[in-house]
Structures are given as structure tokens and as C-alpha cells.
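> Next come the chains, spelled out residue by residue.
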Amino acid sequence: MKPAPFAFVRPRSLEEALEVLGAHPDAKVLAGGQSLVPLLTMRLAAPAMLVDINAVPDLDRISCDDDGVRIGALVRHAALLRDEDAARTQPLLRLALSHVAHPTIRNRGTTVGSIVHADAAAEMPAVLALLGGSVEVASVRGRRTIEAADLFAGPLESTLAHDEIAVSAWFPALRPGERVGFAEIARRHGDYAMCGVAALVGPERTRVAYLSVEEVPTIVDLTGVAPDDVGEAALAHLDPQPDIHATAAYRSQLVRVLTRRVLEQAA
Amino acid sequence: MSEELHEITLRVNGHDHAVAVPARRLLSDALRLDLGLTGTHVGCEHGVCGACTVLLDGAPTRACLMFAVSAVEAEITTVEGLSQPDGSLGPVQQAFKDCHGLQCGFCTPGFLTTITAGLEENPHPTRDEAREMVGGNLCRCTGYQNIVAAVLKAAELR
Ligand SMILES: Cc1cc2nc3c(=O)[nH]c(=O)nc-3n(C[C@H](O)[C@H](O)[C@H](O)COP(=O)(O)OP(=O)(O)OC[C@H]3O[C@@H](n4cnc5c(N)ncnc54)[C@H](O)[C@@H]3O)c2cc1C
Chain A
0 MKPAPFAFVR PRSLEEALEV LGAHPDAKVL AGGQSLVPLL TMRLAAPAML VDINAVPDLD
60 RISCDDDGVR IGALVRHAAL LRDEDAARTQ PLLRLALSHV AHPTIRNRGT TVGSIVHADA
120 AAEMPAVLAL LGGSVEVASV RGRRTIEAAD LFAGPLESTL AHDEIAVSAW FPALRPGERV
180 GFAEIARRHG DYAMCGVAAL VGPERTRVAY LSVEEVPTIV DLTGVAPDDV GEAALAHLDP
240 QPDIHATAAY RSQLVRVLTR RVLEQAA
Chain B
0 MSEELHEITL RVNGHDHAVA VPARRLLSDA LRLDLGLTGT HVGCEHGVCG ACTVLLDGAP
60 TRACLMFAVS AVEAEITTVE GLSQPDGSLG PVQQAFKDCH GLQCGFCTPG FLTTITAGLE
120 ENPHPTRDEA REMVGGNLCR CTGYQNIVAA VLKAAELR
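Protein chains in written order, with numbering that gives the first Met the number 0: chain A, 0 to 266; chain B, 0 to 157.
For the record, the hints were derived by calculation from the structure and aren't laboratory data. From the three backbone atoms N, C-alpha and C, an ideal C-beta is built for every residue, glycine too. Treat the hints with care, as some may be off.
[Stated by the list, open to error] So the derived list for chain B, only partly shown, Cβ under 8 Å to chain A, looks like this:
no. : residue
1   : Ala22
2   : Glu44
3   : Gly46
4   : Thr52
5   : Thr60
6   : Leu64
7   : Arg139
[Stated by the list, open to error] Some residues of chain A that are not near chain B, with every Cβ distance over 12 Å (derived):
no. : residue
8   : Met41
9   : Ala54
10  : Gly67
11  : Glu177
12  : Arg178
13  : Arg187
14  : His188
15  : Asp190
16  : Thr205
17  : Gln252
Hey, can you work out the whole structure from these sequences and the hints?
In C-alpha cells, the structure reads:
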């Protein structure tokens, strides 16, 4: 199939992009297109206008300091995966990004796009949620910061307003004494996971994030739970959903196995 | 009302092509329909199969997941651009021929572009790295063994 007709603009500045987006209620942002273009091709979406932000300058920067990693809206998954400073500042980024699709998709898809697309099966929304990161958004009305805890409203639904562009995402750094782990199971390497688990283990708290288990990324606190009990303890807080890829019972089994596995990794 | 056309220039295999396309024209379709470069094959049209993979400024990219109007600033390389200047086969193409890395040939253009870029990044892949290199491309004929062999052979020929 082919997409339905739409008007197209490719602004040269953020201000111009925000103005067009503000003036057209049925316009959509086009970043890497790795999620949006298939939706258009299958005619699951038919916006009247696309605002291609790929020619907006300065959105492709990665900056790291002691506090964390900030990435612009046009940082491709592949660029973030390669970035040594980012991997040192927050190792969970590289651990998780290597599971996002295939290298060819990562060459074009953006990490910020993946976060605001808010697919419950995607890795980076869960990573942002686990680390307690945030997204900076802009519109003609001004700028605001959305904390990860307030970002994911439902499946494929983030709390960005229609006229807002996510300009960057921020991931807190790994602090001394903290360890991270990541594991997932997919039918084929590079496919969306049937269940994925990320862990952040610190001196005081053990927190674990689940992707592809519920309709939004879910965080469970497993502080103080004995290693043999982590799977059941996590399931007490989760309601694994069935879909065409896995039954609820199979997802529950993946939660048991993977929770243990990531916590061993992060021990 | 007829659909608006965008006058754009696509730079493909070192040549500029001026075309007028609707915004919804996928890059894969622009290459085939507007430029007549039918070496780029269209399989699944949602990014999974890899048959339409072209190089965008050297990096493998799904031509079916991009609009032609978004490709205006890029240097695009298609399978037609992989042969030697004298028209003979490039190293990856030659290796596919030598190793029987294709049968029906439908997926081959996507493999050739992907491997060409892959060997730029990693000129001496191990067998495992060769498998990883082609992990995002589907082939329904060969069973992949000869494709992996062709990656290793192409690394020698380069
Ligand atoms: C074959 C295949 C396999 C994949 N496998 C995985 C996988 O295993 N895991 C995974 O996480 N992802 C996977 N993806 C998706 C990929 O990670 C996408 O890159 C990502 O989901 C979206 O990023 P994008 O830049 O391509 O966004 P686009 O497709 O351009 O946009 C997606 C949505 O987000 C909005 N948007 C994007 N950027 C902004 C912004 N800056 N501000 C406001 N709105 C914005 C768009 O309007 C659109 O609604 C896969 C894709 C394909 C084709």
C-alpha cells in the first residue's frame, strides 16, 4: 500500500517548524520515520501535513556531563550507540540500544522519536522511565520539561500536546555504587521484544523496568527481595497482557526468568 | 484537485536527477518509477525485509521508510552504483557470484548495499560479525550460508 496524500514542509529552523505545527492542527512531526512511515503506508494514520524536522539545525547533538546525557531530537539510535562518552556516563544506554531493531533501522530512527512514540514494546521509553529522565518540549507557547513519570499516557500515547516538538531527552548518569542490567526475549534478533527487563541497582534501592509487559513501561521496586523470589515479587505488581506474539502465561514466565537474569547481571 | 508536486533534485550514484514528485512518494518508488533505477527492490514496504536498502551518505537505510522529498540533501547509492567504473562487478557482487550467494535474486540488492557499507565499517569481519551484518535482511531462498560465505569472500576481494 501507499500513504494517502499529505502536504509537506521541511523547515530550516525550530521556530519555523513550531509555527507550522501550531498553525495546522492535523500536522504531524516526521523525524526518522521508522515508525511513522509504516503507519502511513498501511494507512493506519493519515495526517494532512508532515513537518519534516530533519533539516532543523543543532538537534543532532549528544552532550554528557557528570549529571547525565542529553540528546537532541535528531540523534539517531546508531549515533548514540556509538558514543563512548554517553556509554561511560550511563552504560544502560548502550546495553539497551543494541536491542533496538537492526543497525539499518538504527541508522535513521531517532531515540527521542522512539521515546515520544511511546510504544510499550520499545526499549528506550523503559530506560528513560527507569532512570528517571525527562524530555524537553517546545511549542509556540513556550518550553517545558516533562518528567518520564508523566510522559507515558497509554499505548503509543505520550503527553506531548499536538503542537509540541520534543527537542531533547535527558538521561541521568550512573552514580557511584550503581549497576545496570538489560535483557529481553524476541522471536527474532532485532524484532520488538515479547518481554524486556532493565535493572538499576543502587546501594539503597533496586528498581526494575518492564517493556512489552503492560501497555506502558512499568517500574517495579524490588529493594530487599531475595534473589530466588524476584520473579514472583515482580509479578505481584504486574499484569502481563496477551497478544498475538505471546500469551499472558508465557509473558509471566519471561518476567520470572528475565528479572532474575538482569539482577544477576547487575549484581 | 490534483496532488501538489515537489520539484526536487536527488543525487544518486554521483548524478543529479531533477524530478517532480508528490510528497507521499517513497524513496524506493522514486528510484524505480521516476529514475528508472529498478535495481532497488520493494518487498514488505514496512522496513522488515531489507530488499529496498540503499546507502544514504554511506549508511544503509530503508528506501521504503523514507519519502523522496526528505532525501534531497543526501548522497544516495543504489545497487546500480556498486559496480566498478568499467562496468564490471564490484567486490561484493563478485563474491555473491562466486559463492552462489543468490538464487531468485529478489533480496540481493539490499544485501549488496548493506554488506558494502558493513565492510567499510568492519573490513575483516569474523563469521559471527558477518552474520550480524546481514541480520536485518531477509532471504527466502539461500538459507543464508552462502550469503555469509560471500561476506567473508568480499572482505578478501576488496
Ligand atoms: C523493522 C523495524 C523494527 C523495529 N524494531 C524496534 C525495536 O525492536 N525496538 C524499538 O524501540 N523500536 C523499533 N523500531 C522503531 C524505531 O526504533 C523507530 O526509530 C522509533 O520508534 C521512532 O523514531 P523515529 O525517529 O523513526 O520517529 P518517527 O517514525 O519519525 O515518528 C514516530 C512518532 O513520533 C513523533 N515524533 C518523532 N519525533 C518527534 C519529536 N522530536 N517531537 C514530537 N514528535 C515526534 C512522530 O510525529 C510520530 O508520531 C523498529 C522499526 C522498524 C521499521
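> Each of the hints needs a verdict: does it hold here or not?
Verification of the supplied hints:
no., hint, result
1, Ala22, "holds, 3 Å"
2, Glu44, "holds, 6 Å"
3, Gly46, "holds, 6 Å"
4, Thr52, "holds, 6 Å"
5, Thr60, "holds, 5 Å"
6, Leu64, "holds, 5 Å"
7, Arg139, "violated, 14 Å"
8, Met41, "violated, 7 Å"
9, Ala54, "violated, 7 Å"
10, Gly67, "holds, 27 Å"
11, Glu177, "holds, 30 Å"
12, Arg178, "holds, 26 Å"
13, Arg187, "violated, 9 Å"
14, His188, "violated, 6 Å"
15, Asp190, "violated, 9 Å"
16, Thr205, "holds, 32 Å"
17, Gln252, "holds, 26 Å"
This entry does not satisfy hints 7, 8, 9, 13, 14 and 15, going by the numbered hints stated previously.
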